[in-house]
Amino acid sequence: MSLQIIFTIAPLKERWIIIKIMKKNRIKANAVSISFVLPAIILLFTFMIIPFALSFYYSFMDYNILKPNAMSFVGLDNFKKVFTDTIFIKSIYNTFRFTILVVPLQLGAALGLALLVNKKLKGIKLFRLAFFAPTVLSLVVISILWTIIYNPNNGLLNSILNSIGIASQPFLSDPTQAMYCIVFLSAWQGAGFQMMIFLAGLQDIPTYLYEAAEVDGASKVQQFFNITLPGLKNISVLLFLTITIGAVQLLVQPMMMTQGGPLNSTVTIVYEIYQTGYKYRNMGYGSAMTVVFTAIILVIVLIQNKLMVSKED
Amino acid sequence: MSIKKQNNKFIQYIVLILLAAFFIFPLIWMVVSSFKNDPQILSDVSSIKAFMLPAFNDNYFYNYSDCLKQLPILKSMLNSFFYIGVIIICSLIVNSLAGYGFARLDFPGIKIIFTIILALMIIPAQTIMLPLFSIVFKLGWINSYLGLIIPVIANPFYIFLFRQTFLGLPKEIEEAAKLDGANQYTIFVKLIMPLAKPIYATVAIMIFVATWNDFIWPVMVISDPSKQTIQMALSSLFSIQPINYGRVMAGLTFVTIPVLIIFLTMQKYYVQGIVGSGSKN
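Just so you know, the protein sequences line up as chains S and H, in that order. Just so you know, we're using the working numbering here: the first sequence kicks off at 1 and counts up by one. Just so you know, we're using the working numbering here: the second sequence kicks off at 1 and counts up by one.
One or more hints might be untrue.
Think about it this way: if two alpha-carbon atoms lie no more than 25 Å apart in a straight line, the pair counts; the simulated PhoX-like pairs of lysine-lysine are [said to hold, decoys possible]:
#: 1; chain 1: S; residue 1: K220; chain 2: S; residue 2: K67
#: 2; chain 1: S; residue 1: K23; chain 2: H; residue 2: K171
#: 3; chain 1: H; residue 1: K268; chain 2: S; residue 2: K220
#: 4; chain 1: S; residue 1: K120; chain 2: H; residue 2: K5
#: 5; chain 1: H; residue 1: K111; chain 2: S; residue 2: K125
#: 6; chain 1: S; residue 1: K24; chain 2: H; residue 2: K171
#: 7; chain 1: S; residue 1: K119; chain 2: S; residue 2: K220
#: 8; chain 1: S; residue 1: K119; chain 2: H; residue 2: K268
#: 9; chain 1: H; residue 1: K4; chain 2: S; residue 2: K220
#: 10; chain 1: H; residue 1: K4; chain 2: S; residue 2: K24
#: 11; chain 1: S; residue 1: K120; chain 2: H; residue 2: K178
#: 12; chain 1: S; residue 1: K20; chain 2: H; residue 2: K178
#: 13; chain 1: H; residue 1: K5; chain 2: S; residue 2: K119
#: 14; chain 1: H; residue 1: K111; chain 2: S; residue 2: K23
#: 15; chain 1: H; residue 1: K9; chain 2: S; residue 2: K119
#: 16; chain 1: S; residue 1: K119; chain 2: H; residue 2: K4
#: 17; chain 1: H; residue 1: K268; chain 2: S; residue 2: K122
#: 18; chain 1: H; residue 1: K178; chain 2: S; residue 2: K125
#: 19; chain 1: S; residue 1: K120; chain 2: H; residue 2: K4
Bear in mind the hints are in silico, worked out from the structure with no lab data behind them.
Next comes chain H alone, as it looks inside the complex (with noise of 0.2 Å):
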């Protein structure tokens, strides 16, 4: 019985260790090989040695300094940063406000505007992108952050997962503070949004890989090379001819450390985004 059940075991790590190469093997290439040059990239390809690092060698960090210097990763991550972060602040503010209005506050008709709010969750952004590009153009925020950052500040999701937590949260303290003589604000401020912080920071954490990872309507609202977005900057270092594989592959790489930190730092928080993102509805 041990012995079958020691062999179980054995098995399934196996079955683990196969898959998990399955999953990581295109990204340890994409490591490993930023640090090496194209004739070397290329001979590795046929053998293990494409996925083990080179010996350490002068040229060892050449793609990244190559990559930094010939093309605008670093400003162009720095744009990233900057319109992300504008979005967060904005977007965790407006959506948050929106959710304890619907989780707290009565008026006639809030029923209903929260439900048409709900069906606005269907839409997907592709099927807008065309007239709210048309708006965008005619509103003159074409080449501008504006463009990038105000029409996605409000999110009808983000609404919706700040109502279900304030809904959650004792109203007793509310009623207390009331009596007190706070009003709305004072009490959304002191008390809501610092009992309601793992939420908050949930949200930053989509916000941020939603954004981050926004390919196709920073295309569409910027064509100043200086105010590209990172996934923007990434597409033109791919398309110069001929493709130089290492610098490809630096870039790459560096492109996915930020997301690669924040994964690593806020694991609790961004799988319970992730989770959260399965309990819509």
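Looking at chain S on its own, in the form it has when it is part of the complex (with noise of 0.2 Å):
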């Protein structure tokens, strides 16, 4: 800055000293500054961008990590494998299944319960904090806990059941209900962390907005639905996506409750990718799942983009 004044004012023929200077000192402030996110590049580099180029390359091999000589390159196999495999085509459904039930579900109550504890109540933060409790807990932790609320001879779900009148159910020993149990209690650990998030968003809006509607005689369903929801519209786009993005990695409810059972009817895709890759350490085969799942991932965020896109228009 200050060296830029003195250019302008310093007489013509000293202005190349300045001039060699000001070179000089961006060198040396390039150098700091690479020193600065060089780390970083470093290890995102190592760690996220190579191992992302290895998948596709891993998927064209026959590899055994214990055996790393022995790899070969086996052209489209893998590729050949995956589409006739039953099993991964069954986890791509249960996947797809559990995303487009969960998703709904948790966006809905996280909505619901935001548009609840927005409201100056007694002991409303009590409430607030009661919805996002669930969401404390770890992933291991819930799965154990609602495997055994969940446990079909002297669990708590049927006893409570029961004591309304209804039979005892099967719940994860049983392959159509098994799914549902995991979406049911994935939205209830899930739905208090978007509700914080809607909660900001609510508070974000403007009072002013509601009190002109409400001086025009807006309704409340028409304040709704021409204030808060438009007021929400971008949290809600990126909470969408958040929660599929999510969802489709569905991996430790599964692994901790069921095993994938019965009857892989909770086999998901990112449980198939551990089962192959690392259990039976076949890298290759893995690989190419990992392949299809990261084009799976891609094809959601071109769509979700578009959606985006297209309702900011």
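Reconstruct the complex from the two isolated chains, following the hints.
Here it is as structure tokens:
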């Protein structure tokens, strides 16, 4: 800054000295800036970009991690296998089913709760805390806890159902019910998190909009559709995206609660990737599954980006 | 009118209480059952007693002492605290430096690099876990905390959060310090870091929660039982047959306490982290 001022007032033939100093400073500044970002760039390159590229490379290989010297190129064999593997296809189906069920349930519950606790009532903070409480627990904890609650013989849920006159249910041991059970507990655990984000969004909507609408005689329902919902548009789209991406990565619940069963009804894509690549050490085949999974995620992101852009118009 | 309003309020409270009960009944059951023995848990389950603490007796904390004595729960908790602590320190330094670099300093190509880093945010950890495992395997970090720590230090989202914060700080103080002859490092440590304390707290909590809950990566990297993390210890506690419910409940409650303490004491930053994660993009 100051050098530039000197530059403009300096006599013409002295200006080159200042240019030289500025150049030298700039090179020094560049070296300093690079040293700021370099550690992060090296780490991200080694542990994100390289693995990302490697998953494509491995997907064309027959590769057992314990026998690195026996790695051999097999072309598209892994992909041919992926698309005829009935369990993997089942896992894609299960993952989509979980996502389609859990996203509207969790997002709807979160919005409902946020509207409910966005009031000036006595003790409302306690209720916020109660709705948020399940999110503080880790997925491992809630998976174990709900496996015990869902226990068909002497579990808590069946005894609650019995007490209101409903017959005992098999829950996780039944292939048609198991996935619904996982959907239910996932939404139960996650909704409080998105509730907090919705709540922040609700509190960002200026109150004068509601006051003006009140003066104009708009009903509560009209206010909701014309002020509240548009005000939450960006947040909703974003949460929709993050819940969807989180949902397609479902892993811990089936791993802890059902090991993919019964009858593969809760096998998910990531669980299959984990089993194939890690448990059975079949890195090449697991990587081919990973590539398919990455493509699925990319398609979801692209579709939602498109939705987001068209909504903004 | 006012009676109608009162009724309205009454209904709202009823709805809130029912919903709150729905959200916390499993948690209450978990805590309460951790103080009971198995026959008592099973006999209480069919009545409201399931949610009531038992009368105080000599064996009140039996499940806890059993859980701590027979299983390396305490050891694995210390393991978790250790490696998470190292991750938090390294991650705060690396990501905040990068955030500052991208916010303030300019050199050719910096914009492109930053765009690439933003694009990395959409890569979910699960899509790279297999090749990452093979890299960690080749580096010889299997069964070592290095394998848990080093790969997760740099994080595009935290870099982004730091950059946004630093962009919001006034530039003038830095210019003044520069004129006084301070170099970039001094400016960063003496001026920027103290001004940005809240974001450091927020990111630290986000890292804690993420790594505390992380399960699959430690399962892949660590196989030595003496090095296992707390979530792994819980999982093995649950796999002992026949399942001792009281002991499992004590383990679950015990593991929830640290997160609960952090949540309750640093609620402001915790919530900021959540709301911040909603501003991704």
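Going through the hints against the structure:
no., hint, result
1, S:K220 x S:K67, "67 Å, violated"
2, S:K23 x H:K171, "22 Å, holds"
3, H:K268 x S:K220, "31 Å, violated"
4, S:K120 x H:K5, "14 Å, holds"
5, H:K111 x S:K125, "43 Å, violated"
6, S:K24 x H:K171, "23 Å, holds"
7, S:K119 x S:K220, "14 Å, holds"
8, S:K119 x H:K268, "19 Å, holds"
9, H:K4 x S:K220, "16 Å, holds"
10, H:K4 x S:K24, "76 Å, violated"
11, S:K120 x H:K178, "49 Å, violated"
12, S:K20 x H:K178, "19 Å, holds"
13, H:K5 x S:K119, "14 Å, holds"
14, H:K111 x S:K23, "21 Å, holds"
15, H:K9 x S:K119, "11 Å, holds"
16, S:K119 x H:K4, "17 Å, holds"
17, H:K268 x S:K122, "20 Å, holds"
18, H:K178 x S:K125, "46 Å, violated"
19, S:K120 x H:K4, "17 Å, holds"
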